[in-house]
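Enquirer: Spelled out, the chains give:
Protein chains: 4
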Amino acid sequence: MDKKRKICAVITARPSYSRVKTLLQAIKEHPLLELQLVVAGSALLDRYGSAVDFIKKDGFIINEKVFMVLEGENKTAMAKTTGLGVMELSNVFYNLEPDAVLTIADRFETIATSIAAAYQNIPLIHLQGGEVTGNIDEKVRHANTKLADIHFVTSEDAKERVLKMGEDENYVFNTGCPSIDLAATILKNPTLDYDPIQKYGGVGADVDPSKDYIVVMQHPVTTEYNEAKKDVLKTLEVVDALGIPTFWFWPNVDAGADGTSNGIRSYREKHQPKNIRFFKNMEPFDFLRLLINSKCLVGNSSVGIRECSFLGVPVVNIGTRQNKRLRGDNIIDVPYEVEAIKEAISEQLTNPKNKQSSIYGNGDSGVKIAEILSEITLRFHKTITY
Amino acid sequence: MDKKRKICAVITARPSYSRVKTLLQAIKEHPLLELQLVVAGSALLDRYGSAVDFIKKDGFIINEKVFMVLEGENKTAMAKTTGLGVMELSNVFYNLEPDAVLTIADRFETIATSIAAAYQNIPLIHLQGGEVTGNIDEKVRHANTKLADIHFVTSEDAKERVLKMGEDENYVFNTGCPSIDLAATILKNPTLDYDPIQKYGGVGADVDPSKDYIVVMQHPVTTEYNEAKKDVLKTLEVVDALGIPTFWFWPNVDAGADGTSNGIRSYREKHQPKNIRFFKNMEPFDFLRLLINSKCLVGNSSVGIRECSFLGVPVVNIGTRQNKRLRGDNIIDVPYEVEAIKEAISEQLTNPKNKQSSIYGNGDSGVKIAEILSEITLRFHKTITY
Amino acid sequence: MDKKRKICAVITARPSYSRVKTLLQAIKEHPLLELQLVVAGSALLDRYGSAVDFIKKDGFIINEKVFMVLEGENKTAMAKTTGLGVMELSNVFYNLEPDAVLTIADRFETIATSIAAAYQNIPLIHLQGGEVTGNIDEKVRHANTKLADIHFVTSEDAKERVLKMGEDENYVFNTGCPSIDLAATILKNPTLDYDPIQKYGGVGADVDPSKDYIVVMQHPVTTEYNEAKKDVLKTLEVVDALGIPTFWFWPNVDAGADGTSNGIRSYREKHQPKNIRFFKNMEPFDFLRLLINSKCLVGNSSVGIRECSFLGVPVVNIGTRQNKRLRGDNIIDVPYEVEAIKEAISEQLTNPKNKQSSIYGNGDSGVKIAEILSEITLRFHKTITY
Amino acid sequence: MDKKRKICAVITARPSYSRVKTLLQAIKEHPLLELQLVVAGSALLDRYGSAVDFIKKDGFIINEKVFMVLEGENKTAMAKTTGLGVMELSNVFYNLEPDAVLTIADRFETIATSIAAAYQNIPLIHLQGGEVTGNIDEKVRHANTKLADIHFVTSEDAKERVLKMGEDENYVFNTGCPSIDLAATILKNPTLDYDPIQKYGGVGADVDPSKDYIVVMQHPVTTEYNEAKKDVLKTLEVVDALGIPTFWFWPNVDAGADGTSNGIRSYREKHQPKNIRFFKNMEPFDFLRLLINSKCLVGNSSVGIRECSFLGVPVVNIGTRQNKRLRGDNIIDVPYEVEAIKEAISEQLTNPKNKQSSIYGNGDSGVKIAEILSEITLRFHKTITY
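So the sequence lines, in the order shown, correspond to chains G, L, P and B. All residue numbers for the first sequence refer to full-length UniProt numbering, where the first residue is 1 and numbers rise by one. All residue numbers for the second sequence refer to full-length UniProt numbering, where the first residue is 1 and numbers rise by one. All residue numbers for the third sequence refer to full-length UniProt numbering, where the first residue is 1 and numbers rise by one. All residue numbers for the fourth sequence refer to full-length UniProt numbering, where the first residue is 1 and numbers rise by one.
Same shape as in the complex, but just chain G (with noise of 0.2 angstroms):
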């Protein structure tokens, strides 16, 4: 082969640009592939943490940038900026010709990427398919999984779901998730070797990170819209009355971002809790440092599922935003109610690290779907297998 494969990958938020950074960095060094690099939605803005910050640090190219969120969050905005997607990178595609199109996982505007590329016959890869949680995601995960040639799954059940949608086997691998990649390096020198709240300021209570802390990330639901504000405050009080030294993250745009976000808000302006600091964001390594050494991450977070297991976090996850996703024993589950929360903190904190598991990867992920890609025979025509 002369020519290299050209790989597109489009990054629409923040969380996915930490989850495939070990991909891209295994496309952008294999030999035989060429990586193009689309930086989209979210991952573009200010109030949600700018990934595109990190993608530049990191030392990736950036081809091409699109604007396409809608204000207004609500689901007509959700529905609109998809569509909006859809038409900006139809131009993109049109104008970079990729051999194939990367779209990674659930997001809503993530088939946005999934139909720019298949409607113009290029091949298109989908990461994490055939998961199940149980909201709009849900729909979208699968839609994706339709309009894909070739699925990289995390999990041995992801990959049987997928196959029993119809997909044919010589494009379904099972290679655990990319995000656990950045999680074996960390593992290596686990130390954490800054101050979080020297390095990224956020804003809240003086927390000192020498002292046992937990990590909270509770994103909104999606379907569950009207509820993001009330849930959260359960949270938040709880984690006040606890008192333990807490980092709190922001979370991520989506339909009532602003209802989880109002809800941090209008708490700390009342209450100013003495014990927890908020932050927009970290460097993925960062964030993984900070991580190993808390005591327990509480939320809704995926990285509760799946870095959290490998590393052998403890994890309350609250609601049924990670429904049925496939779980390690570092987590305990718990609904959206006061009493259970505080109880299910209680105990994660008196737990010992739960012992590792690799049910979502060992840490190569990025380089084996980079190797696939460079050897798997490329199309854009298929059949329902049954």
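Check before you lean on any hint, since a few could be wrong.
Ranges of calculated distance between the beta carbons of each label pair, as one might list FRET restraints [said to hold, decoys possible]:
no., chain 1, residue 1, chain 2, residue 2, range
1, B, E237, L, K355, 54 to 60 angstroms
2, P, K4, B, K230, 30 to 36 angstroms
3, L, T191, P, E34, 34 to 40 angstroms
Under 7 angstroms between C-beta atoms, here's a sample of chain B residues computed to sit facing chain L [as the list claims (entries may be wrong)]:
no., residue
4, L45
5, F67
6, V69
7, L70
8, E71
9, G72
10, A77
Straight-line alpha carbon distances no greater than 16 angstroms define the calculated EDC-like cross-link-like pairs of lysine to aspartate or glutamate that follow [as the list claims (entries may be wrong)]:
no., chain 1, residue 1, chain 2, residue 2
11, P, K4, P, E34
12, B, K164, P, E160
13, B, K164, P, D168
14, L, K164, G, E347
15, P, K274, P, E227
16, P, K164, B, E269
17, P, K164, B, E160
Please keep in mind that the hints were generated in silico from the structure rather than gathered at the bench. Even glycine gets a Cβ: it sits at the ideal position worked out from N, Cα and C.
Keeping the supplied structure of chain G fixed, place chains L, P and B upon it in accordance with the hints.
Expert: Same frame as chain G, but now just chains L, P and B:
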């Protein structure tokens, strides 16, 4: 239930309208349902035989018209038309506030309807899922399935597939295809009661419908874009050479429509075939009467698979467009090869009318679907069944 | 005339609404007119103090809501918001079929209203043409004039300019500014009859409105994008140092909004000024009562030029935003310089209330405009007069 | 100056290209300028005689192609095409980072170029401002003037108008029209050196260019939308009756294009005129040679006003489309009336070639404009002069 359920149907193309006409009628007439009708895309456009005129003539009230077709007749324009459709239809649903939205089959722009509804938490009804063809339609159809909450399929094998993809069996119904309903009405009184040329004009030779004649409908196949012109020229060559009176229908819009249309135009200009009359469009009943009185349908239209199987009209099905769709005994499948097409037509011309088949329904599909829609518990939240 | 003339007003921002409220009322109440109201853009958005709530509270019925603001807070997002606005508003006018459309002043997105109307041959009414400022607003305002068919201007010098640009004198009217109408009502009963903090909350110091106080409204200046933060910090520094009780309003959306807003947020976090209360928005009447009882308005809002000249409230107008707008004796103009701002405020604090001026109207503007709209021959075809 | 100034020209239609070809060449060849070329809208579309092919053949490199034409052939589609154009061109300018953008004349979509540039603070160059016609073009043209920073006009009366509208005289230049430059080249060697039918095909009668012949170009007039078909039928009737050999050009895209085109198609089908050959398009030089050797140009093209005045070709100008444009002695103006058109053509056929006029320039316009663009101080901030 005091308030009628508002069912919003989105019609984006001429053939889609014909296919669901009896369903629209059944919804309109159902005491517990209210029909909201959106006419969009090529269904509004003159040069594809604007369906909108037939719709009005049939007595339907159109709630919204959505212009969304981007010129360019290429894959990028298809993708952008879809993106634009998402944006426009999001507005429409926001304003109409339907209780459920109906998307039809697998044309590229039908996913716009699906996204605009699903992302706004409006229960999505999908018609004709679970079939198999094998081009971009394949991806679109199954993605529609994964975005939809209620599925009305047209045959048992289709139902099987939708269930295998992980849909809830309480929400998957084999009601047959509403397009068969029209055919059933016509079967009761099949006389050709109008003169096609007098009523519809058209261009080309003066063809006499009282003689033996055939009908041709050949559409471009999306993923074989550049082949469209070459393909249609083969059929033209055969039909011209056979000399049999022929009613030929222009293709509906698609990337490549101009390939097929140009093929027809250039052939006409050069050869002025003495036995072919070209039409843009007919009203569904007139079309079915023309069909039932013909010796054979030639081309790649799904009409050959569905309506003709029910009517027992012999069909020569060319190429891959109807790949793997369940078919009756009335079909001969051939590739795009002059000899094969010629032989197949000749054979069908000597065949007696085939036995009628009810694999695609019994003629009561519209009423059945409307009844289910009036009773079923609507929901927009689902989880894969495995 | 049997049928009422349908006048469709498009409100895209909070201050635009305040400015035309009496006109909307007058249209609504006029026996020959029917009001169609479209609320769009930032007027729908929470974080710009959603005007939509006030509009509803004032008893207006909203015919359509149009979400069109693209996130990004940069010039590209402004341009794309405008393009999206053209597309969305085209739909709206197509559906509402107004007899004339009203576009207001010179915000960047107002040209979307103008294009959507003019291109569909709907007579376009433009308010507040002929003024001079000197940034992107300048281009937008005069382009609106050239797209519009009927012009209502707010002062004699503005009328002069519109005529010089080649508009037909039969279609240019100096009716004064409808924003003055509200002010005229308030003048009759100017008592501050509510407690701002109790009614609107806000954040910051506990400011007592029974003491002497000032009001600040400072918006980013679009073409000086990067300066926004630096500029607002100067005003903050002065006002903080002066220590006078202050009611400060957040800026409305614009490219750079976040420059100004970030400036305010970071200053608050760091200095916690003891004399400033920050508000998002107030109802127009409450705002005018706050203003008329203040010692001085500081900033760059056009409220200083218009309402305050009529009310006789002293104003310190900072920077170029109101450049060349006709002004009364109540204004001191200063550049963005700490010393100059400080001196000007100090001077105004010792000034008695200025003589009131009617250069922007007498308080009957809304009624006058509605009357003209009910009588004038509508047309959408015009030719430059020279 | 080390770096070349990047001048980005946006071509949205076939006739716009012909008009500025020599300017594009002059920019390309200027040592201090770099040409960025964007081809958009109908210039990309086959059915309007895609200009893009000629552009490539002339050796220009196309930086971006922008598909933006919405189907529908009505005013709503025109408006939405423009909105889409703003969005798409905003991207293009964001990526190309031109030092200045060039928009041409007054087609409806040219304002998209203007907005996308002006709103991103890119200096905007407008060609052919200050003219007068009297339909939607009139509004668009003058709005373009008010959005633009640098004006190149084609005649003294146009310059006068642009200045009266309040533009800075240091930024308004009468350089004549670049379309005259091509004509000047042709004048040096006017022999018809090709056979139109052999080279361009076309459809219709076999017309001999060595005989006396006329040329017809008739476009739909936007605000007289429904009249387009009726209008063209009158011209067809006259030209058919006169029997003189005729080269007829299809209209370019516009709302109503299909009115005119349908008129031509239906007339052809019915009457098969024996003296008319229909063409889609020709290369500019070939077209000018055809024109200079003709007895008369009939229709409503601006070619009659500009190029023909310079070449001294007699013109019958029908209707209001060129209303009030400065014209030479070569023109007879007539309304859309059969008798009037007939008489005017007959008169022009007996007229000797008119005296040539240089009211639209001397043939060095492209070079002059390029020179000014290389020297002038670029700015994007302006204020009305009064």
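Enquirer: Report the numbers of all earlier hints that the structure fails to satisfy, in ascending order.
Expert: 3, 14, 15, 16
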